[in-house]
Amino acid sequence: MKLYPLEPTSRLSSEIEKTSRRLRLDVMIKKPFSIDALVVIGDGTLDGRALAILAYRLNGDKMVALAKPKETRLGAVDKLPSYLGLKFSKIAVLIDQEEEDIDNIISQVEDRLKRMGIGLNVEDADRRFKLYRCVRGSKEFKLALAINGLDDIAAKKHSVEDHFITAAKAC
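Residue 639 is where the sequence shown starts when you use my numbering, and the numbers rise one by one after that.
Hint data in this document are derived by calculation from the structure and do not stem from the laboratory.
Certain hints may be false.
What the hints assert, rightly or not - For lysine to any residue, the following SDA-like pairs were computed, each having C-alpha atoms within a straight-line distance of at most 20 Å: (1) K668 - E645; (2) K780 - R753; (3) K728 - D739; (4) K725 - F767; (5) K725 - I667.
With the sequences and hints as input, model every part of the structure.
As structure tokens, this is what we get:
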């Protein structure tokens, strides 16, 4: 997978570029073409670094645009309407669980989407992941909501770092 940041001068972009260069991942592209998927990162730049490593491991021709709004967590969801005009048919939103209840996060996301006039139908779901078929006006798209963290990590806050801890234990 190749990554294209919507804001090439952002901190997220520079962190992914540094990670990509340091680890020789070659996951960034400078000029987009045929991108129909967007990943919205709702939390810190470490999520971007994790995404760079994931993109390298997926090692394919698929290109994905990246956005890291200034608003974090649920505030990033509020930015979705600004991305809907950009012809993305697939959008993924990554949010850290932090100290919050997962069901509460999902409920808040769904409420915000409905207030934006986005119709939702759940296509697939598990505890930390929901895949929705969405409609807003004439725009149809799929929205994947992923809540970062692992239940088997004993911590007050859950985030993408949980996955790194599990990977480190396996080494």
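Hint-by-hint comparison with the structure:
no. : hint        : in the structure
1   : K668 - E645 : 11 Å, holds
2   : K780 - R753 : 17 Å, holds
3   : K728 - D739 : 26 Å, violated
4   : K725 - F767 : 23 Å, violated
5   : K725 - I667 : 19 Å, holds
Against the hints set out earlier in the document, violations occur for numbers 3 and 4.
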